Structures are given as structure tokens and as C-alpha cells.
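Please build the complete structure, drawing on both the sequences and the hints.
Under mature numbering (1 follows the signal peptide of the UniProt record, and there is no 0), the letters of the sequence shown match residues -18 to -1, 1 to 324, in that order.
Some hints here could point you the wrong way.
As the list claims (entries may be wrong) - Once the Cα atoms are required to be at most 27 Å apart in a straight line, the calculated DSSO-like pairs of lysine-lysine come out as:
1. Lys90 <-> Lys42
2. Lys132 <-> Lys167
3. Lys104 <-> Lys121
4. Lys171 <-> Lys135
5. Lys104 <-> Lys65
6. Lys104 <-> Lys93
Unchecked claim - Label pairs and their in silico Cβ distance ranges:
7. Asn301 <-> Lys42: 55 to 65 Å
8. Lys213 <-> Thr49: 41 to 51 Å
9. Gln156 <-> Gly188: 17 to 27 Å
Simulated from the structure, these hints should not be mistaken for laboratory data.
Just so you know, these numbers come straight off a predicted model, no measurement behind them.
Using N, Cα and C, we set each Cβ at its ideal position, and we do this for glycine too.
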Amino acid sequence: MSPLRVPLLAILVSMALCQYYDYDYQPVPMLGPSGPNCNQECECPINFPSAMYCDSRNLKFVPIVPTGIKYLYLQNNQIDEIKAGVFDNVTAELRWLILDNNQITNAKIAKGTIDKLTGLEKLYFSHNNLTEPVIPPSKALEELRIMSNKLSKFPSGLLTDKENLTSINLQHNQLTSDGISGAFKGPKKLLSLDVSHNKLKKLPTGLPISLEILYADYNDIDSVGSGFLNKLPSLQYLRISHNKLVDSGIPAGVFNVSSLVELDLSFNKLQSIPEINEHLEQLYLQANEINKIDLASFCKLTGPLNYSRLKHLRLDANNVTHSSMPPDSSNCLRQASDIMFE
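Below is the structure:
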């Protein structure tokens, strides 16, 4: 069992199920004495001696980490500096490093600190003041979160050897399309990428074929490249809501891929429903400018075995109503138990 307190575990699970992640760990007061191998400013539960909790203690800098610590919690402090030598005792054994909700800048991260952590699996660096990504040398890295910082670019090559990386969260930064060109080619096992709330004008390119989840909400995207999804055969969840998509920026059949389960195109400027695959289950089109419903968008043919598997369809805040549905819609959309117009 990993040395997690119940509230933190619950938060991690809920974050995995939500579109937007907001790390807001509230620790439970320690019960009982702290373990002997622990920094005096922190607490190390006797039952989990490899975990050191230094969270929410008004710390200004990272304390020296003693030998044996694998899980280090430093969130919710006022840390603005990581001094040289603080990780010297755990360069190969530290697994989790949680630095969310501090005031750290790139200039105040000393060389020989994070760049020596060769065993790190999770790095949480959200809600700080980073202008450049901080990437440890660890080939074991599985999860990287640098949300709500000041990143404008993510240079290519930083993730080249991160073959175990499965999740990247970069939302709420200032990333541009040119600034992330080729950034995500390295991780061959990447499952989830969130670049929502940035300044992208197009969807990221050069993504690994393993990707299953791509969130790019709240950007400036006005088009999707022809064949974009054909390069991502495992993609199941695609969200491009709150962008600037228009009909002319949606090539014919670009969303007609059998892997997609959920497609969110809400809060854009679409006037018609794009063609989707019959296997899609969730389609969100609310708050567009749609003025017609063409069943060909959902079903090329209608028959005993030819029909849409769509279960949920949102069309509210558009220029269509129930009366806009074509007469044969019940045969095509026979599994759609939830169609919203208002």
C-alpha cells in the first residue's frame, strides 16, 4: 500500500475522473509520534516511514530530505527556492515529489536538485511561477503535472526517454502551438494529455499512437487538420470546447473514427453537425450556431444493424428544437436516450 492518507487518495481518484484538475490537498492532523528518520519541520508516520509530510507549514524553502524517504509532500507552503543538496540523500529512491501551491521560479531551483532525481515517478509542480518546464532525468516518470504556471513553451526533446510517462497535465498556462511543436513525441505509453486553458491555435501534433484522452478546451483553435484522428487510433475522449471552431475548419469525416467514445465541441461557432462514427456514444454540441439537423451526420445507412450508438446528444443553446428532428431520427438514433434542446 502506498503511503497515502485517505483524503489525498480520494482527491487523486476524483482528479482522474474530472476534466479539470484542481489539486487542493487538505491534510489530516497527524495522530501519534513522528518516525525517527524525519526532518524536524515535517512529520513521518511511523506506519509509513518512507513518507514525509511537510505540507501547509509556511515553509520558505525545501528542507533537507533524509535517507529512506520515497514520498515527499511539500504542497501549500510559501516555498520560493530549492537549494542545492536538499535531495542528495534520496536522488535514486525518491518516488513522489509534490510541490503544488508554492511560489517557485526556475531561477531559484539550484542545479543538482530535481535534475538528479533518477527514480522519480510522479512530479506535481502546479500553481507555481515556472516559465519553463522542469523535467527530472528519471526514466521511471509516470505522471507530470505543471498546471497553472507561466509556461509559454515546452521544448521538444525533454520527454524523449520518458517511455513510462502516461499522464501530462499542462492546463492553465500560456502555451502556444509553436511552443509545443514536437514536445510529446517521446512518451510511447502516454494515455492522457491535457492542454486546456492555453493559447493554442491548433491541436498538438506529433502525439503518440497510445493516446486515449486529449483535452484542449479553452484555447483559440479554429480548425482540425484533415486526418488528425487517423493518426491516433487509440483516442477515445476528445474535448475541444470553448474554442473558435467553424464549419470550414472541420474537414469532411475528420471525426468519423471508430475509436472515439466522447466528443465535446460545445461553445464554438459551428452551424452544422459534423459527421461522426456510428460507435460514438457522447456528443456535446451545445452553445454553437447549429441551424439544421442532418441524419447523415449520424447514420450513412439505417437498418437492423446500421444505426448510431449515440446515447447522449446535447444541442441546447443552438438554433434547433425538437421539431427540427427529421422523421426517421428514431431509427437512426435508436439508442439516444438523452437528447437535449433546452
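Checked hints:
Taking the CA atoms of Lys90 and Lys42, the gap is near 12 Å; set against the 27 Å cutoff, the hint holds. At roughly 22 Å between alpha-carbon atoms, Lys132 and Lys167 fall within 27 Å of each other, so this suggested pair holds. Among the hinted pairs, Lys104 with Lys121 is consistent with the structure: their alpha-carbon atoms are about 11 Å apart, no more than 27 Å. At most 27 Å may separate the alpha-carbon atoms for a hinted pair to count; Lys171 and Lys135 meet this at roughly 22 Å.
The hinted pair formed by Lys104 and Lys65 meets the criterion: a straight-line CA distance of about 20 Å does not exceed 27 Å. The straight-line distance between the Cα atoms of Lys104 and Lys93 is roughly 20 Å, inside the 27 Å bound, and the hint therefore holds. Checked against the given bound of 55 to 65 Å, the beta carbons of Asn301 and Lys42, roughly 56 Å apart, stay inside it. At about 46 Å, the beta-carbon gap between Lys213 and Thr49 stays in the expected band of 41 to 51 Å.
Between Gln156 and Gly188 the beta carbon distance is about 20 Å. The supplied range of 17 to 27 Å therefore holds.
Violation of the numbered hints given earlier is absent; every hint is satisfied by the structure.
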